[in-house]
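S.K.: Throw the hints in and build the complete structure from the sequences for me.
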Amino acid sequence: MLKKNFQKILFFIFVIISLQVYDAQAQRFPKPEFESGHTQPVLEIPESRSDFMEYLDVFILFLALSLVSWLVIKKRSRKGVLWVSIFSILYFGFLREGCVCSVGAIQNVALALFNPNYKIPLTVIAFFVLPLIYALIFGRVFCAGVCPLGAIQDFFVLRPIQIPLWLQKLLGLIPYIYLGLAVLYATTGTDFIICRYDPFIGIFRMTAQFSMIVLGVVFLLTSVFVARPYCRFFCPYSVLLNLFSRVSKYHLTITPSKCVQCRLCENSCPFGAIEQPEQLKMNESRKQTVKRFVVLGTIIPLLVFVGGWTVSQFHETLAKVHPKVLLAQELVSLDTISQSDTITEIDSNYVESIEIEAFKTSGESYTELYADANEIIKQFYIGAWILGAYIGLVFALTLASLSTFRYRKNYEPNKGTCLSCARCMDYCPIEPET
Amino acid sequence: MKINTRLWKIIAIIAGGFSFVVCTILIVNYIQLKKYNPAETEVINSLVERLNENPEDIQLREEIRMLDFMSRKAYFTNQWQVRMGGYLLLLGVLVLIVALQILKSEEKKIPSLTEKDNSIFTQKKTRKWVAISGVAIVIITLFFAFLSHNQLSDTFAEATNKDSVLVDLDTITETVNVEVEENTLIVEQVDTTSELTDTVTITITETVISDFPTSKEIRKNFANFRGYGGNGISYHKNIPVSWNGASGTNICWKTPIPLHGFNSPVIWEDKIFLAGANAQKREIYCFDRLTGKIHWTANVKNVPGSPATSPAVTDDTGHAAATLSTDGRRVYAIFSNGDITAIDMEGKKVWARNLGPTGNHYGHSSSLMLHQNVLIVQYDTKTSPKIMGLSIKTGNTVWSTARDVKVSWASPVVIYTGKQTEILLASDPGVASYNPYSGKENWNIESVFGEVGPSVAYADGIVYAMNEYASLYAIKLGDEPEILWENMDYLSDVPSPIATKKYLFVPTSYGVFACYDAKTGEQFWEQEFDNGSYSSPMMVDGKIYLMDMGGVMHIFSASDKYVAIGTASLGEASMTTPAFSDGHIYIRGEKHLFCVGSK
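Residue numbers (my numbering), protein chains in the order written: chain P, 1 to 434; chain Z, 1 to 599.
The reader is advised that the hints may include incorrect statements.
Stated by the list, open to error - Quick list of in silico lysine-lysine cross-link-like pairs, DSS-like style, CA-CA up to 30 Å:
#1 P:K360 to Z:K440
#2 Z:K271 to Z:K591
#3 P:K74 to Z:K271
Derived from the structure by calculation, the hints contain no laboratory data.
Values in this document were obtained by computation on a predicted structure and should not be read as measured data.
M.R.: So, in structure tokens, the structure goes:
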């Protein structure tokens with residue numbers, strides 16, 4: 001077994017390197033210098049996708065979501081979900097190169113909410129909203145087989161291990177933080193970090209920075225043992241889907257009829273999303289529970305404040321990601337370096353970044369740049385307070401939720417974390433009632 | 001449906017093997033290409049060099065074209081191979097994964113029943129880890145916040161204030177004049193009312209279009225008197241330490257200079273600039289740095305406002321004592337009669353104007369200095385001493401600030417204090433600092449007096465100024481600049497000192513050279529040479545190069561002990577400061593321009 005896994009690892013390393021080969025060669029060859037008067041062709045920017053095709057994409061998304069919902073809720077067909085997954089990888093992944101995707105659309109929506117000058121396309125709104133509507137009704141059917149990011153990982157789930165519940169819960173906090181950061185960077189016009197650090201986009205497009213290809217392959221490799229690591233522990237959109245899905249009315253059930261407690265499905269979910277029956281509350285007195293509840297209720301505002309204050313102290317570091325702040329910082333540093341008075345203080349290898357060169361040739365004013373950068377830092381100060389408070393709230397509510405107890409008679413999917421992949425259904429021996 | 005396990009196993013093995021082979025080929029291809037860049041082949045490069053030597057060789061030209069074409073074809077074929085390889089690899093991986101999944105689906109589904117943890121215990125454990133991770137996040141965040149200091153905002157605010165002055169000035173000159181006057185500074189009226197509109201329009205354009213080199217470019221060259229910022233330090237390396245002008249040892253070339261002058265060479269890439277003048281003629285020369293050949297000579301004549309006769313000057317100053325300045329776009333020169341001009345790199349006049357009479361009894365010698373798009377002129381004349389900032393493109397006055405000082409022969413030094421850029425000037429009655437963007441005086445401190453010749457030196461927050469019969473002053477900058485220490489042992493009347501964080505090097509015109517502790521003024525050593533120096537010493541690559549009046553270069557270590565490294569004679573007298581570039585020294589002798597270095 002070890003040998004087999006080693007071979008697989010070796011294989012994926014080969015994949016990484018070979019993809020990097022392609023990327024490294026893409027830009028290195030300079031344009032020829034013609035003496036014959038030949039003029040270089042003008043750089044052409046490809047036209048954006050036509051409106052019709054964009055609406056077609058939305059329609060296909062709608063169809064795919066409906067189909068998966070039907071397959072999961074009515075047909076209870078894992079195989080059907082699998083085929084839709086293949087279609088999603090091919091269409092939403094390779095053909096449409098992973099864009100627009102619902103995960104990244106969070107940022108467009110956030111930017112549109114905070115920046116009235118940003119005109120968000122209707123199709124992007126549709127990509128953002130449709131999966132949430134379906135989650136509200138049927139659970140996370142989008143994750144089941146429509147999202148190409150999830151689908152590609154799903155295919156690599158070969159030897160999944162069960163992660164301890166406490167660790168799952170802990171890692172499950174990461175998407176909340178990622179979501180907060182993504183919204184902060186989107187609303188400040190800094191960057192769409194979800195897209196920039198989308199680990200699978202490079203694979204879908206067959207080109208990306210080497211580091212991103214590595215990241216994608218690492219996620220796929222991890223998927224062999226830890227099912228869908230990106231979906232469960234990183235995807236910021238999963239936060240919203242999780243919340244919406246919790247109240248879904250027609251969520252899938254493991255058994256089509258009455259659970260006979262055969263325990264066959266107990267470990268069938270590679271995502272650890274099956275809740276086991278809880279018969280009686282034990283080991284804790286009512287007094288202890290009430291006391292903890294009061295303490296947690298009291299510390300919620302405190303955690304919100306501590307979170308806000310802590311991240312606000314970090315706001316300049318967060319702001320350094322903004323290209324204008326980065327450029328202004330480089331210009332100030334360059335000025336300092338250039339004015340150093342001894343040889344040892346000068347880094348002889350210092351090379352001006354292309355951004356600085358571009359800025360200098362653009363003719364933009366230094367003053368405006370510095371003033372803008374300062375304004376952005378102020379925005380980040382407020383944003384960091386909000387982000388920190390939000391993270392504090394997430395921690396506080398998580399702690400509070402870990403103090404509540406639910407009685408459960410049967411094996412049930414956790415509506416929040418269940419990805420509606422329908423694997424568990426195959427393990428259930430109960431036949432649907434006709 | 002029964003799955004043929006054996007068949008899928010074979011498919012998986014074949015797909016895996018196929019992917020492995022494709023992967024290997026791609027990697028081998030990558031390694032090969034790493035070593036071989038089709039755009040930079042030695043063969044083509046050497047052929048191109050040959051073609052440069054013989055541009056009429058049609059056959060060679062065709063041969064290069066053919067080779068170039070083949071290289072490019074090979075490259076694009078290779079690109080196609082890589083792309084195809086990528087697709088094949090993807091296909092292989094896809095088949096492998098499908099096969100593995102099918103095989104997995106055939107595995108017996110054995111329910112794995114495990115004893116579950118008590119949920120109360122699990123919740124407790126989870127609470128503990130959530131709390132620990134929360135605390136860890138807070139600590140790590142605060143740690144990094146502490147490291148980053150949160151000072152960017154202040155830095156940008158300062159930079160905004162600094163640069164906004166330039167924008168104000170460039171946008172509306174008139175407004176700035178009013179503002180400066182409100183600050184009790186006397187500002188010269190820039191232009192007549194009728195010309196004001198033009199001035200404003202031009203200067204706005206300059207703000208928008210960046211037309212000055214980067215600091216790195218300036219350091220790479222030798223753009224003005226005493227190197228970068230005029231501070232006496234050059235950042236070049238591998239500079240020779242021995243030569244002999246008489247025998248020609250290590251003299252790459254020497255070229256006669258048509259007209260006399262005491263200005264020092266300035267260098268931009270492969271061009272060296274000098275000026276020469278007498279009472280009738282004023283000329284600027286561009287030498288080829290590699291061969292010494294004079295590329296062009298620019299005659300400075302018909303300058304509007306130029307006096308009919310040149311002022312009387314002494315022989316030891318002459319009509320062309322001020323060193324030129326260049327930004328690689330233009331070269332700027334000023335002469336004893338107040339003519340100032342900008343010549344482009346091909347020798348064509350860009351602009352010229354006359355700044356008015358100097359009233360200088362020896363002759364004007366303050367060298368020009370550049371800061372971004374402003375040409376800084378220390379014009380401490382007898383009747384209306386001032387510092388001016390001229391537009392590098394038009395020569396128009398961007399700002400001009402009157403100074404209550406006596407005539408000075410020193411040159412401006414531009415420094416960066418860590419907070420702001422300042423221009424430092426030395427003249428009787430002291431040292432003053434100006435904002436290079438507005439010309440506003442930052443501070444002044446009474447110190448040097450008399451006929452001030454040496455420029456200041458600066459290092460680590462301390463300005464060093466001196467003059468013969470006055471004193472040597474170390475002025476510590478701060479909210480209120482103050483004299484840190486003072487020393488009268490060795491003073492200079494012409495050459496300028498050099499400062500580093502640790503040491504201060506003081507030349508004299510009577511032959512003694514001294515080294516002090518920069519912070520305390522304690523003397524480390526002194527060394528007496530046979531001749532004195534009018535040339536200012538330069539610090540290069542940890543060594544001091546001091547040219548004496550007899551044309552002998554004394555080279556010694558820039559340290560707290562005098563360690564002689566070499567002595568080299570030029571074979572003719574030299575009063576100017578050497579320039580350094582690309583492992584060579586360029587020295588203006590009495591009659592020749594020398595290039596010293598390995599041939």
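S.K.: Determine for every hint whether it applies to the structure shown.
M.R.: Cross-check of the supplied hints:
no. : hint             : result
1   : P:K360 to Z:K440 : 25 Å, holds
2   : Z:K271 to Z:K591 : 19 Å, holds
3   : P:K74 to Z:K271  : 83 Å, violated
Of the numbered hints stated above, the single one contradicted by the structure is hint 3.
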